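Line order of the protein sequences matches chains A and B.
Residue 161 in full-length UniProt numbering sits at position 161 of the first sequence, with consecutive numbering throughout.
Residue 207 in full-length UniProt numbering sits at position 207 of the second sequence, with consecutive numbering throughout.
Hints are computed from structural coordinates only; laboratory data are not their basis.
All values derive from a computational prediction rather than experimental measurement.
Be careful, since some hints might not be right.
Listed next, the in silico BS3-like pairs over lysine-lysine satisfying Cα-Cα at most 30 Å (straight line) [said to hold, decoys possible]: (1) B/K155 / B/K178; (2) A/K155 / B/K178; (3) A/K178 / B/K155; (4) A/K2 / A/K178; (5) A/K178 / A/K155; (6) B/K155 / B/K2; (7) B/K178 / A/K178; (8) B/K239 / B/K2; (9) A/K155 / A/K2.
Quick look at which bits of chain A chain B covers, simulated, 3 or more residues with Cβ under 8 Å [stated by the list, open to error]: (10) 179–187; (11) 195–207.
Glycine included, C-beta positions come from ideal geometry on N, C-alpha and C.
There are 2 protein chains.
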Amino acid sequence: MKAALIGPAPEHRPLYEARRSTPREQGPDAVVESVLAFAAELRAYGVEQYGTEPVAAGVCLPGIIDEAAGVALFAANLGWRDVPLRQLLSERLNGDPAADAAAPNAADTAYAADTPYAEATPSAEATPERARIPVVLSHDVRTGGLAEGRIGAGKGVDRFLFVPLGTGIAGAIGIDGKVEPGAHGGAGEIGHIVVRADGPLCGCGQRGCMETLCSAAAVGRAWSEACGDPQATAADAAKAVESGDPRAAAVWNSAIDALAAGLVTGLTLLDPRTLIIGGGLAEAGETLFAPLREAVRERATFQRLPTIVPAALGDAAGCLGAGLLAWDQHSAEVSSR
Amino acid sequence: MKAALIGPAPEHRPLYEARRSTPREQGPDAVVESVLAFAAELRAYGVEQYGTEPVAAGVCLPGIIDEAAGVALFAANLGWRDVPLRQLLSERLNGDPAADAAAPNAADTAYAADTPYAEATPSAEATPERARIPVVLSHDVRTGGLAEGRIGAGKGVDRFLFVPLGTGIAGAIGIDGKVEPGAHGGAGEIGHIVVRADGPLCGCGQRGCMETLCSAAAVGRAWSEACGDPQATAADAAKAVESGDPRAAAVWNSAIDALAAGLVTGLTLLDPRTLIIGGGLAEAGETLFAPLREAVRERATFQRLPTIVPAALGDAAGCLGAGLLAWDQHSAEVSSR
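With the hints as constraints, model all of the structure from the sequences given.
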């Protein structure tokens with residue numbers, strides 16, 4: 001778990017960042033518990049350092065998220081289905097017995113009154129304006145895209161596509177300061193565009209998804225196979241490319257070819273102004289970006305070419321974006337008062 | 001050219017529709033001239049039938065449109081590049097000498113005072129509120145999508161993808177009541193997604209674009225080749241499929257396979273709630289829709305399946321949507337007064 005304290009508008013400066021392990025093997029309740037304990041730590045730090053309570057909380061996770069309902073519909077990494085995470089967190093952070101009573105999942109609300117955060121938070125009666133902390137829930141790549149778009153590599157850009165190349169490949173579609181969720185929270189899944197109809201079987205069930213060909217994991221696997229070292233990674237492949245290894249160049253060029261094919265499909269449909277590439281593979285820097293720009297230019301015909309830039313916020317982009325969403329929610333509530 | 005009079009909110013009922021030929025071989029000036037004459041006809045009809053002046057005008061055309069600037073950057077069918085159509089029409093419809101003086105294309109403003117429309121329009125001095133008609137310019141498939149989304153097959157749907165299958169294939173991405181233009185007016189070009197890397201050469205310069213495999217024109221060509229009749233069309237292919245011709249079934253199934261591949265890519269990226277299929281090919285009805293729904297269902301794995309429906313407004317969708325955009329502009333100007 002990554003967490004951050006985010007300062008107020010307009011800069012929304014990240015004030016503090018921290019990391020903790022996720023007790024995913026202990027189930028959703030334990031994860032919620034550890035998120036709350038983590039939130040309490042950050043709150044205590046914020047109060048101590050800045051003398052002010054947080055005004056809102058944002059949480060993001062990988063998987064399929066119903067943002068409007070605040071429910072994690074499916075999170076493979078966590079083994080979750082239909083977890084009403086926003087409600088669970090909101091009840092705990094705000095210590096609201098009425099919300100508890102309305103909970104559809106009675107068993108999940110048993111730990112309502114005894115967390116460090118709830119204890120430390122002023123009661124609703126004492127300071128009603130501050131105690132009611134809104135909680136927003138979103139998808140980690142969408143919040144990562146939001147952060148890159150507002151305070152990162154896409155700052156000031158009206159339309160961008162953020163594509164992190166990591167274990168998998170996801171995407172976030174930035175339009176006019178927001179990230180498009182789609183009708184069911186599934187928009188942006190560029191990693192599962194089929195770029196080679198006869199390509200490798202993907203975990204999603206399709207064949208030849210971009211993700212199977214040019215994620216950091218896919219490049220690591222391909223290089224591992226080519227060089228015979230089962231521990232070899234995408235970073236090792238990049239180093240071998242830089243040192244002039246022709247086998248590495250073949251692995252690398254094949255990945256870039258698939259990546260360019262998928263990205264050109266994305267820009268044919270979306271016409272972004274900026275393409276922000278992040279994730280582990282982007283750490284290869286110009287070893288990736290120089291041939292990638294060239295490959296996109298070669299494939300595109302009528303499409304307007306976007307600027308292709310590396311992500312700026314690293315792997316904390318997701319939690320920074322969750323903080324920005326929380327600020328948005330706070331601003332919306334203040335302006336509707 | 002298709003034109004329509006559109007009634008006020010909330011129904012925005014189409015009141016009148018008409019068609020005229022486009023004198024494209026006479027150049028942009030002649031086309032602008034004929035658009036103005038056509039507008040004058042519609043205005044006269046509206047005044048006579050409803051006793052009221054139009055409040056705004058919307059124009060759409062195929063090609064690459066800069067909506068913000070009101071410029072037709074490129075329209076292959078018309079042979080246009082960088083035509084400031086919104087300004088040309090606005091000057092003429094509003095008879096504004098100041099705007100004329102500011103025109104970058106002095107030659108294009110020579111016909112400023114002698115059109116039927118300008119004569120019939122009250123002068124700016126007489127009725128300033130009504131004489132100043134805002135003009136909006138957009139892309140015909142995007143306005144078609146807007147119309148399908150507001151008063152057609154996507155009415156009330158938050159997110160849809162509108163894909164007309166005609167001579168070519170285009171697309172319009174509907175999000176929350178608007179159609180997404182992209183950064184340079186190029187969003188939605190789903191017809192140029194590559195679905196077969198070794199497919200036929202497309203007019204755009206790529207190979208295997210969806211448009212080369214499953215537009216109405218592509219199906220007509222394939223059936224023509226299969227049946228030996230150079231005049232055969234997609235509609236003939238559909239009839240032959242319905243009568244059980246196995247050669248037609250092969251042509252048809254191949255097109256549906258390519259169409260499903262492109263559409264699944266579109267829904268992987270965009271997650272629409274409804275997929276609206278229009279254009280000539282959609283006139284085959286269930287001969288198209290039944291196997292298409294099945295093919296999309298077979299290809300999709302994790303993607304949420306949208307409802308797949310035929311377009312409702314036919315080939316007047318574009319001009320109806322231009323009228324809706326004009327109403328939007330009018331409403332924005334009224335509310336900012």
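Here is what the structure says about each hint:
For the suggested pair B/K155 and B/K178, the alpha carbons sit about 12 Å apart, so the restraint of at most 30 Å is met. Restraint check for A/K155 and B/K178: the C-alpha separation of about 24 Å stays at or below 30 Å, so the hint holds. Between A/K178 and B/K155 the CA atoms are separated by roughly 24 Å; this keeps the pair inside 30 Å, and the hint holds. Distance hint between A/K2 and A/K178 is fulfilled; the C-alpha atoms sit about 22 Å from each other, no more than 30 Å.
With a C-alpha separation of about 12 Å, the suggested pair A/K178 and A/K155 falls inside the 30 Å cut-off, and the hint holds. Taken as a hint, the B/K155 and B/K2 pair is honoured in the structure, with Cα atoms around 22 Å apart against an allowance of 30 Å. Proposed proximity of B/K178 and A/K178 is supported: the alpha carbons are some 14 Å apart, at most 30 Å. About 28 Å separates the Cα atoms of B/K239 and B/K2, which keeps this hinted pair within 30 Å; it holds.
For the hint linking A/K155 to A/K2, the alpha-carbon distance of about 22 Å falls within 30 Å, and the restraint holds. Requiring three or more residues with a Cβ within less than 8 Å of a Cβ of chain B, the coverage given for the segment 179–187 of chain A holds, as 8 such residues are present. With 5 residues having a beta carbon nearer than 8 Å to a beta carbon of chain B, the segment 195–207 of chain A meets the requirement of three or more and the stated coverage holds.
Of the numbered hints listed earlier, not one is contradicted by the structure.
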